[in-house]
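**Q** Residues per chain are reported as follows:
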Amino acid sequence: MSAEDIAYATYVYAVARDGDALRESAAESAGVAGAPVRIIPGTGDGAPVFVASSVSAHDFDEAALRRHLEDLEWLEAVARAHHAVIERLGAATTVLPLRLATVYLDDDRAREALDAGRAAFEQLLAKLEGHVEWGIKIYVEAPDEAAPPPPPGPASSPGVGPGRAYLSNRRAQRSVRDSAHRAAGTAAERIEAAGRAFATDRARHRVQQGELAGSRDENVVNDAYLLRADRSDAFRAEVARAADDLPGVRVDVTGPWVPYSFATAPEPAAAEGGPS
Amino acid sequence: MTEPLAGRTGSYPSRAAPQYAQGSSANLADILERVLDKGIVIAGDIRINLLDIELLTIKLRLLVASVDKAKEMGIDWWEHDPSLSSRAAPDSLAAENRRLRAEIEAMRRSEALTGGGEEAGEALTGRGEVPQAEEESGGTRSDER
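As given, the protein sequences belong to chains S and D, one line each in that order. Our numbering applies: residue 1 is where the first sequence begins, and numbers increase by one. Our numbering applies: residue 1 is where the second sequence begins, and numbers increase by one.
These are computed hints drawn from the structure, not numbers from a lab. Misleading hints may appear alongside valid ones.
As the list claims (entries may be wrong) - Beta-carbon label-pair distances, calculated as ranges:
#1 D:Leu100 with S:Asp244: 57 to 63 angstroms
#2 D:Leu100 with S:Asp106: 19 to 25 angstroms
#3 S:Asp18 with D:Asn97: 32 to 38 angstroms
#4 D:Arg108 with S:Ala47: 39 to 45 angstroms
#5 D:Asn97 with S:Ser179: 56 to 62 angstroms
#6 D:Asn97 with S:Ala30: 29 to 35 angstroms
#7 S:Gly19 with D:Arg108: 43 to 49 angstroms
#8 D:Ile104 with S:Gln123: 36 to 42 angstroms
#9 S:Pro247 with D:Leu100: 55 to 61 angstroms
#10 S:Arg228 with D:Leu100: 43 to 49 angstroms
Claimed, not checked - Sample of chain D residues at the chain S side, in silico, Cβ under 7 angstroms:
#11 Leu28
#12 Leu32
#13 Glu33
#14 Lys38
#15 Gly39
#16 Gly44
#17 Asp45
#18 Ile104
#19 Glu105
#20 Met107
Every residue, glycine too, gets a C-beta built ideally from N, C-alpha and C.
Sequences are here, hints too, so could you generate the full structure?
**A** The structure is reproduced here in structure tokens:
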């Protein structure tokens with residue numbers, strides 16, 4: 001492979017309908033590694049377009065990508081750049097986000113893929129028009145170590161040995177947790193009801209755990225709701241009330257997002273059959 | 001940690017063009033679960049397969065708390081077949097060629113890949129200040145949806 005002919009590859013962010021709004025927002029965007037963002041038109045009148053930028057072919061060949069993807073700093077930079085382009089475009093028009101690191105050898109190859117997917121893209125663009133996504137996470141709050149929940153009753157403590165005190169303390173903690181989980185279930189039902197009333201669709205994400213999730217609380221529900229933009233307020237108001245009377249339960253709302261979680265085209269090639 | 005239902009976007013416009021106010025402030029985990037897990041998948045010329053990405057997110061502890069936990073849950077495919085790369089049908093000779101080269105590369109590196117997985121995970125834990133939320137006393141897991 002000679003290095004001179006493939007210094008750049010084409011990184012595609014999203015599919016959208018062409019138009020002034022799109023072109024303006026694309027012109028204002030900076031892509032991966034700060035590269036200018038451009039439009040790759042499809043073939044034919046009114047065809048959807050790709051929004052793309054050039055990336056270093058050396059950084060984005062298979063081997064390099066594999067390496068880079070193990071590097072959280074690199075991944076974060078690319079993910080944030082990808083997301084920033086999509087948000088910027090999404091503020092102007094309906095966009096279908098593509099999976100991170102969708103890369104073609106050149107614009108012509110990208111256009112072929114664009115043309116091949118036209119029917120599916122148009123269908124999804126129509127479905128998602130005027131919609132936004134809200135992320136809803138329900139947490140069971142971690143027991144507060146600074147102030148352990150119910151101190152053992154003063155009446156019983158004097159005569160009780162440490163072993164038994166420990167056990168009863170343990171039991172108390174567990175029952176607090178159990179009831180918090182039940183309360184989380186109640187919150188989930190209320191939010192689902194609000195979803196049925198206002199939302200167009202719902203997608204489930206896996207619950208977030210671990211360091212990146214950034215919380216000690218236990219994430220028990222991690223859903224995304226697709227809402228018409230004009231219904232967001234009503235939905236959020238309902239969601240905001242869902243955990244008001246439920247101690248130990250926290251509801252975290254993020255958004256509005258470009259409807260990433262609903263831009264999942266049925267793939268003709270791969271029969272996935274996965275959940276959600 | 002008692003932030004009530006604050007949401008990240010204090011004020012949110014809802015009419016007309018939505019302001020995607022999250023921008024740089026959005027939580028990395030929330031962004032990653034969308035850009036890695038969601039969004040349209042179409043076959044690019046440069047194939048990084050989804051399985052790699054799943055492995056990656058596992059390593060990032062986004063999905064499961066640890067590689068050990070992943071194994072417990074039966075998620076251990078990476079140990080078996082690092083070459084089960086691209087699932088999409090090859091759409092051209094060039095793409096096929098690239099895919100094969102990638103597979104050879106993957107096989108060459110399979111040793112390192114499987115061996116390195118947990119280390120990468122450890123490294124990640126090591127650098128965080130937040131210790132893993134301590135495992136609960138058992139028996140409460142069943143309430144998880």
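**Q** Next step is simple, just say for each hint if it's right about the structure.
**A** Hint check:
{"no.": "1", "hint": "D:Leu100 with S:Asp244: 57 to 63 angstroms", "verdict": "58 angstroms, holds"}
{"no.": "2", "hint": "D:Leu100 with S:Asp106: 19 to 25 angstroms", "verdict": "21 angstroms, holds"}
{"no.": "3", "hint": "S:Asp18 with D:Asn97: 32 to 38 angstroms", "verdict": "33 angstroms, holds"}
{"no.": "4", "hint": "D:Arg108 with S:Ala47: 39 to 45 angstroms", "verdict": "41 angstroms, holds"}
{"no.": "5", "hint": "D:Asn97 with S:Ser179: 56 to 62 angstroms", "verdict": "60 angstroms, holds"}
{"no.": "6", "hint": "D:Asn97 with S:Ala30: 29 to 35 angstroms", "verdict": "33 angstroms, holds"}
{"no.": "7", "hint": "S:Gly19 with D:Arg108: 43 to 49 angstroms", "verdict": "47 angstroms, holds"}
{"no.": "8", "hint": "D:Ile104 with S:Gln123: 36 to 42 angstroms", "verdict": "38 angstroms, holds"}
{"no.": "9", "hint": "S:Pro247 with D:Leu100: 55 to 61 angstroms", "verdict": "58 angstroms, holds"}
{"no.": "10", "hint": "S:Arg228 with D:Leu100: 43 to 49 angstroms", "verdict": "46 angstroms, holds"}
{"no.": "11", "hint": "Leu28", "verdict": "6 angstroms, holds"}
{"no.": "12", "hint": "Leu32", "verdict": "6 angstroms, holds"}
{"no.": "13", "hint": "Glu33", "verdict": "5 angstroms, holds"}
{"no.": "14", "hint": "Lys38", "verdict": "4 angstroms, holds"}
{"no.": "15", "hint": "Gly39", "verdict": "4 angstroms, holds"}
{"no.": "16", "hint": "Gly44", "verdict": "5 angstroms, holds"}
{"no.": "17", "hint": "Asp45", "verdict": "5 angstroms, holds"}
{"no.": "18", "hint": "Ile104", "verdict": "11 angstroms, violated"}
{"no.": "19", "hint": "Glu105", "verdict": "6 angstroms, holds"}
{"no.": "20", "hint": "Met107", "verdict": "13 angstroms, violated"}
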